[in-house]
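Order-wise, the sequence lines are chains A and B. With my numbering applied, the first sequence covers 1 to 168. With my numbering applied, the second sequence covers 1001 to 1200.
Calculated directly from the structure, the hints in this document are not laboratory data. Cβ atoms here follow ideal geometry from the backbone N, Cα and C, with glycine treated the same way. Mixed in with the good hints, there may be bad ones.
What the hints assert, rightly or not - Okay, the calculated beta carbon distance ranges per label pair: (1) I1057(B) - A107(A): 27 to 35 angstroms; (2) H1092(B) - Y71(A): 18 to 26 angstroms; (3) R1105(B) - P59(A): 41 to 49 angstroms; (4) L1067(B) - G42(A): 25 to 33 angstroms.
Claimed, not checked - Lysine to any residue pairs mimicking SDA-like chemistry, simulated, CA-CA at most 20 angstroms apart: (5) K1039(B) - Y1076(B); (6) K1132(B) - K6(A); (7) K6(A) - K1152(B); (8) K1132(B) - D16(A); (9) K6(A) - D16(A); (10) K1152(B) - E1178(B); (11) K1182(B) - D2(A); (12) K1152(B) - V1194(B); (13) K1182(B) - D16(A).
Unchecked claim - Covered stretches of chain A, as calculated for chain B (at least 3 residues, CB under 8 angstroms): (14) 4 to 16; (15) 26 to 38; (16) 70 to 78; (17) 103 to 110.
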Amino acid sequence: MDCPIKTQGNTDWLLDYAAGRLRDERNGLLARHMKTCGDCAGFVRAQQAVWNALDQWDPEAVSMDFDRRLYRSIEEARPSSGLPRMLRRLFRPLQPLWRPVVPLAAACLLIVAGVMLHTPQAVIAPADGTARMEKIEPEQVERTLDDMQMLRELAVTPEQGGNPSKSM
Amino acid sequence: MQQRVKELMGASAALDCDAELMLRVKDGDGASFALLLGKYRASVNHFLYRMVQDQAIAEELAQEVFLRVYRSRETYEPTAKFTTWLYRIATHLALNWLRDQKHERSQQRLDETSECAPVREVQDRAPSVEQKLLHQVNVDEVREAVAALPDKQRAAVLMHKYDEMEYSQIAKVLSCSESAVKSLLFRAYETLRVRLAHMA
């Protein structure tokens, strides 16, 4: 195999070998190579020393109340009322269904609003009954007045002594 | 749910059981979050501690990591390994904190003399604990050597050494190529070999 140090290729093999993580045939290849290559053998020895030195650095233990603090932060971040959360949980299975429906419904509403604005008579037009009343009322009043006038005339004519059927 | 994870991760990728747990968290299963917390609480804390070298700060950052994981549950998609996502959050927070600290320190240096610089004091101990003292000195040297590494190199070394991550995964966490990670690691270990040569 080519020397990893001289070729500057596969240098990760040296790191992995020193860490005991080089697997398969590559491990054997490098082990054989190092028997004849002092540079690579020296590199691996120095790297193993670094590896061992790093092993000495133990981290400190995590605080006992780590989880409690975390859950408190989670609780504080939640909305105060329990009802919306309950509703969200209730409707969560339906989310994939209603999510596309919302923009669709909004678009439909916009179209309907647009159509209604362009046809104002449809909005302003009153109910049929009211319209008929408004049309009929003056005619009825006029007819009633005519009838009253006629009755008045009929009532006056006999007093004058004439035959009502003749005057008509 | 397994089918969904498989679809998202592709046929070639192995099923990540952590991703499956996270999908359960997404569905409102608090117990799955507790499982993930139990599994990664220590490793995330240790990674952050070695990055920032301050236990209290590391715990604060770790709290933020898990809080972000919980908050992001509804938008979570298992497009990568769960640990890649988790360490990406942790690394991002640590690098940001280190950057802010450097800025603060550079501001402080304008006012302070070198006498005010923090000095690590070794506690006086009885001769019977000589070995412990020697160990502590060694650990301090390791800490200082790691702390002296550039931030990205440090993150790469910590993930490679202590979390036994593959190069490809470190690359995803650091958002760079695998060859860039190998180069980062090679240079970082080269620095450490020089600084810690006397410990061999």
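What are the numbers of the hints that this structure violates, sorted from low to high? Result: hints 1, 3, 4, 6, 7, 8, 15, 17 break, sorted rising.
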